[in-house]
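Chemist: Throw the hints in and build the complete structure from the sequences for me.
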Amino acid sequence: MADGSYLKGFGVTFKKLFEDRVTGDYRGGKGLEKGKPDEKRPKADRLHGRHVLNRYEDGMEKCIGCELCAGVCPAKCIYVRGADNNPEAPTSPGERFGYVYEINYLRCIHCDLCVEACPTQAITESKLFEFSFTNRSDAIYTKNELLVGDDGKPQQLPWEDWRDGEDTMTSGWMRATSPAGDHRYEGVVHWAGELGYGLRDPETGQSAEANDDEGARPAASSVEHG
Amino acid sequence: MTITDETPETVDGAARVRQRGDDAAVLRLSEAQAAAIGTDATTPDDDERVLLNMGPSHPSTHGVLRLMLEMEGETVIRSKPVVGYLHTGMEKQAEQLTFLQGCTNVTRMDYASPFFTELAFSLATEKLLDIEVPERAVWIRMLMSELNRISSHLLFMATNGMDLGAVSMMIYGWREREEVLRFFEKVTGLRMNHNYIRPGGVAADLPDGWKGEIEALLELLPPRLEEYDVLMTGQPIWRERLQGVGTLNTDEALALSATGPILRSTGYAWDLRRDQPYLAYDEVDFDVIVGTYGDCYDRYAIRLNEIRESMRIVEQILDKMPLGDYRVQDKKVTPPPRIRIDQSMEALIHHFKIFTEGFKVPEGEAYACVESPRGELGIYMVSDGSSTPYRMHVRGPSFINVQTMPHLMRESLIADAVAIISSVDPIMGEVDR
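As you go down the protein sequences, you meet chains Y and H in turn.
My numbering puts the first residue of the first sequence at 1, with every later residue one more than the last.
My numbering puts the first residue of the second sequence at 1, with every later residue one more than the last.
Some clues are possibly wrong.
Some but not every residue of chain H turned toward chain Y, in silico, with C-beta under 10 Å [as the list claims (entries may be wrong)]: (1) I289; (2) M321; (3) P337.
Straight-line Cα separation of at most 30 Å, DSSO-like style, residue types lysine-lysine; simulated pairs [what the hints assert, rightly or not]: (4) K211(H) - K320(H); (5) K127(H) - K76(Y); (6) K153(Y) - K43(Y); (7) K92(H) - K320(H); (8) K30(Y) - K153(Y); (9) K353(H) - K331(H); (10) K153(Y) - K186(H); (11) K320(H) - K331(H); (12) K353(H) - K76(Y); (13) K40(Y) - K353(H); (14) K353(H) - K143(Y); (15) K40(Y) - K153(Y); (16) K76(Y) - K320(H); (17) K360(H) - K127(H); (18) K92(H) - K353(H); (19) K211(H) - K43(Y); (20) K360(H) - K92(H); (21) K43(Y) - K320(H); (22) K127(H) - K43(Y); (23) K40(Y) - K15(Y); (24) K127(H) - K332(H); (25) K76(Y) - K43(Y); (26) K211(H) - K16(Y); (27) K76(Y) - K360(H); (28) K143(Y) - K211(H); (29) K143(Y) - K40(Y); (30) K40(Y) - K16(Y); (31) K186(H) - K331(H); (32) K186(H) - K40(Y); (33) K40(Y) - K30(Y); (34) K76(Y) - K332(H); (35) K186(H) - K76(Y); (36) K186(H) - K16(Y); (37) K127(H) - K92(H); (38) K76(Y) - K211(H); (39) K43(Y) - K30(Y); (40) K30(Y) - K186(H).
By construction, these hints were calculated from the structure, which means they are not laboratory data.
Since the structure is predicted, the reported quantities are computational estimates derived from the model, not experimental observations.
We treat Cβ as the ideally placed atom computed from N, Cα and C, and that holds for glycine.
Modeler: This is the structure:
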């Protein structure tokens, strides 16, 4: 006891006084008022956040109202109704479009199975997870809130905490899960272009890994496009 | 179960526990018997006894554990854990969800180590499906499990420190855990409740640059663990608070079905990774950490050193990670690659079938267990041939380990009761399910 090991512990804590904060420049919004930097950590590409409903590059909606997202949702938080397109002024290419699209964020668990299920990449995830409501009806996002704007960016609602650059990062999980476990399909574009962004890049996948690791088993790199 | 040399005579052990007399350990007593012991009044001064309710809302009860403590002064004479405050019917819920959706449910049980429940669920389903998972998926699963063991034990370090008054340790533990969770976020898109390990493989491949991330993590952790050693392991205060507190011997631990660090702290080397290898644990080197005294200090030290062992395993995984598919290429189980939906009608139909109806699992029963940070986590699955489980039972290590608490706390001080709850490290989400 007399060896001072009581005090060594204090040494660890004391040293921390002079180290940088792990939270960095994040001040929870208070910094902005005082003119100090207030930055969040960069979000992961695959982060599951609030959903967006995408549009094709020509502005048409991608949703075809097939209800696959509603069918796969384990929390049953999605409500979709499809309707026939008006042939004169179609909302989506093809026959039908999502007439009603609602997500209840009081139920949503952000598992992103809807994103994996969507056959037209209409629903993808943004990187926003900081949104809170003061009443239940605000928690139900309808097509008005979910659909991307005319510039292809997600709409920013008053209670959502978006920062610069975050609104351009969507569909990371959709792209990551697209090969469905088949390594030959990694690095392949599986999706259509998006309004405002065009074609998004796929992840490199195992091809990069195989190059810097000679001993590993090589992955086949070419895929037949039928 | 393989009987090794160090397997003690469990039958004798149980007999000895029973011999200790009716008023000794509260083992498999009926309510009436327990009440009888209480009124038996081994002590004449019954008036001195106080029934103290601890929890369900108490900072040291790790959520919503409630303990009824029969106190005599500061000494806990008997105690009884009361569970069920977080019961959400997850086993029943599993019967409503398809095998594809099931992982979103089970991952919420043990929220400090979600990958393990996903893994047990997937292994049980795969046993029923009789499919073999591609090699890369096996190694990714192992990588994520071991990282999850690290994050879970770091969480234990944090809460154990907090419960015993080392509040700065709480901050440090959470801080390091956050680094691990940040990697999980890069891989699965979520910090917890990942829904990443699925029947048939894993949902997505490891992201670009994952090796660098893990190397950075393996570099960051060892000096931090040494700080923990200075802050806690070598601290006389810490040692006095934990050594000799809440002791259990091997026989008692086995009689109570305790697993994980609690069983290992008694000196009994039982680790499913070594004794019933699953995934590819027989291809990596690691040591099973055991204690000697079965006290809170041993349980703390085991977890601290298991972090180091897990890091050793992760290092080996980095070298051995194979390339190739990471989800079984069975069209009835795995949805087609997205690009195939537009190319092939069959792929489109499979896609729709799997995401709406789910895949059908042959009739049968299967049990799969994994070594979670808390002990043996098993899932017993019964399928009636449809796409949802007929019944799913979870052998939750936290739930079973909570049963050791009355035993550990007997005749200890109330302050030690806090240390004991903490060292059992129950996750109430999994206790109550």
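Chemist: Each hint needs a verdict: does it hold in this structure or not?
Modeler: Results for each hint:
1. Given hint, I289(H) at the interface with chain Y, is violated; its Cβ is 23 Å from that chain's nearest Cβ, farther than 10 Å.
2. A distance limit of 10 Å between C-beta atoms decides the matter here; for M321(H) the minimum to chain Y is near 7 Å, and the interface restraint holds.
3. Of the supplied interface hints, the one on P337(H) holds, with its beta-carbon coming within about 4 Å of a beta-carbon of chain Y, less than 10 Å.
4. Between K211(H) and K320(H) the alpha-carbon distance is near 12 Å, which keeps this suggested pair within the 30 Å criterion.
5. Proposed proximity of K127(H) and K76(Y) is supported: the alpha carbons are some 28 Å apart, at most 30 Å.
6. Using a Cα cut-off of 30 Å, the hinted pair K153(Y) and K43(Y) holds, with the two alpha carbons roughly 17 Å apart.
7. A C-alpha spacing of about 39 Å is found between K92(H) and K320(H), which places the hinted pair above 30 Å, so the restraint is violated.
8. A hinted pair counts as satisfied when its Cα atoms are at most 30 Å apart, and K30(Y) with K153(Y) qualifies at roughly 26 Å.
9. A hinted pair counts as satisfied when its Cα atoms are at most 30 Å apart, and K353(H) with K331(H) qualifies at roughly 11 Å.
10. With a C-alpha separation of about 23 Å, the suggested pairing of K153(Y) with K186(H) holds against the 30 Å cut-off.
11. This hinted pair checks out: K320(H) and K331(H) have alpha carbons roughly 28 Å apart, not beyond 30 Å.
12. Distance check on the hinted pair: K353(H) and K76(Y) sit about 18 Å apart at the alpha-carbon level, within 30 Å; holds.
13. In summary, the hint linking K40(Y) to K353(H) is not supported, as the alpha carbons are separated by about 40 Å, beyond the 30 Å threshold.
14. Restraint check for K353(H) and K143(Y): the C-alpha separation of about 26 Å stays at or below 30 Å, so the hint holds.
15. Distance check on the hinted pair: K40(Y) and K153(Y) sit about 20 Å apart at the alpha-carbon level, within 30 Å; holds.
16. With a C-alpha separation of about 40 Å, the suggested pairing of K76(Y) with K320(H) is violated against the 30 Å cut-off.
17. A distance of roughly 13 Å separates the Cα atoms of K360(H) and K127(H); the hinted pair therefore holds under the 30 Å criterion.
18. For the hint pairing K92(H) with K353(H), the CA-to-CA distance comes to about 24 Å; that is within 30 Å, so the pair holds.
19. A distance of roughly 19 Å separates the Cα atoms of K211(H) and K43(Y); the hinted pair therefore holds under the 30 Å criterion.
20. For the hint linking K360(H) to K92(H), the alpha-carbon distance of about 19 Å falls within 30 Å, and the restraint holds.
21. Taking the CA atoms of K43(Y) and K320(H), the gap is about 29 Å. The hint holds against a cut of 30 Å.
22. The straight-line distance between the Cα atoms of K127(H) and K43(Y) is roughly 37 Å, outside the 30 Å bound, and the hint therefore fails.
23. Taken as a hint, the K40(Y) and K15(Y) pair is honoured in the structure, with Cα atoms around 25 Å apart against an allowance of 30 Å.
24. Under the criterion of a C-alpha separation no larger than 30 Å, the hint pairing K127(H) with K332(H) is consistent with the structure, at around 15 Å.
25. Using a Cα cut-off of 30 Å, the hinted pair K76(Y) and K43(Y) holds, with the two alpha carbons roughly 27 Å apart.
26. Pair hint K211(H) plus K16(Y) holds up; C-alpha atoms about 29 Å apart against a cutoff of 30 Å.
27. The suggested pairing of K76(Y) with K360(H) holds, with an alpha-carbon distance near 21 Å, which does not exceed 30 Å.
28. For the given pair, K143(Y) sits about 40 Å from K211(H) by alpha-carbon distance, which is inconsistent with the 30 Å threshold.
29. At most 30 Å may separate the alpha-carbon atoms for a hinted pair to count; K143(Y) and K40(Y) meet this at roughly 28 Å.
30. For the suggested pair K40(Y) and K16(Y), the alpha carbons sit about 22 Å apart, so the restraint of at most 30 Å is met.
31. Restraint check for K186(H) and K331(H): satisfied, since their Cα atoms lie roughly 28 Å apart, inside the 30 Å limit.
32. Note on K186(H) and K40(Y): the hinted pairing holds, with a Cα-Cα distance of about 16 Å set against a maximum of 30 Å.
33. For the proposed pair K40(Y) and K30(Y), the alpha carbon gap of about 12 Å is at most 30 Å, so the pair holds.
34. A threshold of 30 Å between alpha carbons decides the hint, and for K76(Y) with K332(H) the separation of about 24 Å falls inside it, so the pair holds.
35. Between K186(H) and K76(Y) the CA atoms are separated by roughly 26 Å; this keeps the pair inside 30 Å, and the hint holds.
36. A C-alpha spacing of about 28 Å is found between K186(H) and K16(Y), which places the hinted pair at or below 30 Å, so the restraint holds.
37. A distance of roughly 21 Å separates the Cα atoms of K127(H) and K92(H); the hinted pair therefore holds under the 30 Å criterion.
38. Between K76(Y) and K211(H), the direct Cα distance comes to roughly 37 Å. Violation of the 30 Å bound is thereby established for this hinted pair.
39. In summary, the hint linking K43(Y) to K30(Y) is supported, as the alpha carbons are separated by about 20 Å, within the 30 Å threshold.
40. The hinted pair formed by K30(Y) and K186(H) meets the criterion: a straight-line CA distance of about 28 Å does not exceed 30 Å.
In the structure shown, a violation is registered for the earlier hints numbered 1, 7, 13, 16, 22, 28, 38, in ascending order.
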